Amino acid sequence: SQQGEEDPQALSIQEGENATMNCSYKTSINNLQWYRQNSGRGLVHLILIRSNEREKHSGRLRVTLDTSKKSSSLLITASRAADTASYFCATGGDSSYKLIFGSGTRLLVRP
Amino acid sequence: SAVISQKPSRDICQRGTSLTIQCQVDSQVTMMFWYRQQPGQSLTLIATANQGSEATYESGFVIDKFPISRPNLTFSTLTVSNMSPEDSSIYLCSVRQLNTEAFFGQGTRLTVV
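Residue numbers (this note's numbering), protein chains in the order written: chain F, 615 to 725; chain G, 96 to 208.
Please keep in mind that the hints were generated in silico from the structure rather than gathered at the bench. Note that the structure is a prediction, hence the values are computed from the model and not measured. Heads up, some of the hints might be wrong.
Taking lysine-lysine pairs in the DSSO-like style, the calculated list, with each CA pair at most 30 Å apart, reads [said to hold, decoys possible]:
| id | chain 1 | residue 1 | chain 2 | residue 2 |
| --- | --- | --- | --- | --- |
| 1 | F | Lys640 | G | Lys102 |
| 2 | F | Lys712 | F | Lys683 |
| 3 | G | Lys160 | F | Lys670 |
| 4 | F | Lys684 | F | Lys640 |
| 5 | F | Lys670 | F | Lys712 |
| 6 | F | Lys683 | F | Lys670 |
Just some of the chain F residues that point at chain G, by a computed CB distance under 7 Å [unchecked claim]:
| id | residue |
| --- | --- |
| 7 | Asn644 |
| 8 | Arg655 |
| 9 | His659 |
| 10 | Leu713 |
| 11 | Phe715 |
| 12 | Ser717 |
Using N, Cα and C, we set each Cβ at its ideal position, and we do this for glycine too.
This is chain F alone, in the form it adopts within the complex:
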């Protein structure tokens, strides 16, 4: 079953704008990860943030984590048409290898 929800379900922005996606989860976690999926293909890992971290950056990506609210956000700055994809958060527990995925956000970046 899915761990949590993401919002918005779909997001359409102009190239150059920033895109923010939010993820909420239900149980305690060891880490939270974000993945991208192009056109129903395999997922690509973007960034991992551990439960004792509050913010992490990777290139144009910025992820925040608030464990008290059980939520995370992914910010993509200066978006490009190539960023068009579905984005998923996934959570991993303390002693479990398995990842549970959120509902996903479909991002469309218009040229």
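Place chain G on chain F using the hints.
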């Protein structure tokens, strides 16, 4: 990192038949996972493929419908049995070490007619 080869990449199958999906990893990994992604939906974990023992299935998934093999640390198969149109989905193989990122195959797009 890990490179995963998954095949077939897509198939169209008749209802009532079975399809076996293969997943080959370029290195030995402890944990392999099978996910299903129904059209327009997120990923749902089907089962964890354990080497040397029976797979561990998630709620709503049973061995008779989705038998899994894991003969060694680099290979696994998932069979979708007695297929119906509701089984039309993308099936994804994944590997992961504890507290690290997961790696995915390119998926198998299954259409049941």
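Taking the hints in turn, this is what the structure says about them:
1. F:Lys640 x G:Lys102: Violated - the C-alpha atoms of Lys102 (chain G) and Lys640 (chain F) are around 34 Å apart, more than 30 Å.
2. F:Lys712 x F:Lys683: holds (22 Å)
3. G:Lys160 x F:Lys670: With a Cα-Cα distance of about 41 Å, the restraint between Lys160 (chain G) and Lys670 (chain F) is violated, given a limit of 30 Å.
4. F:Lys684 x F:Lys640: holds (7 Å)
5. F:Lys670 x F:Lys712: Satisfied, since the Cα-Cα distance of roughly 22 Å is no more than 30 Å.
6. F:Lys683 x F:Lys670: Answer holds: Lys683 (chain F) to Lys670 (chain F) is near 17 Å, not above 30 Å.
7. Asn644: holds (6 Å)
8. Arg655: holds (6 Å)
9. His659: holds (4 Å)
10. Leu713: holds (6 Å)
11. Phe715: At 4 Å from the nearest chain G Cβ, Phe715 (chain F) passes the 7 Å test, so the hint holds.
12. Ser717: Result: holds, 5 Å to nearest chain G Cβ.
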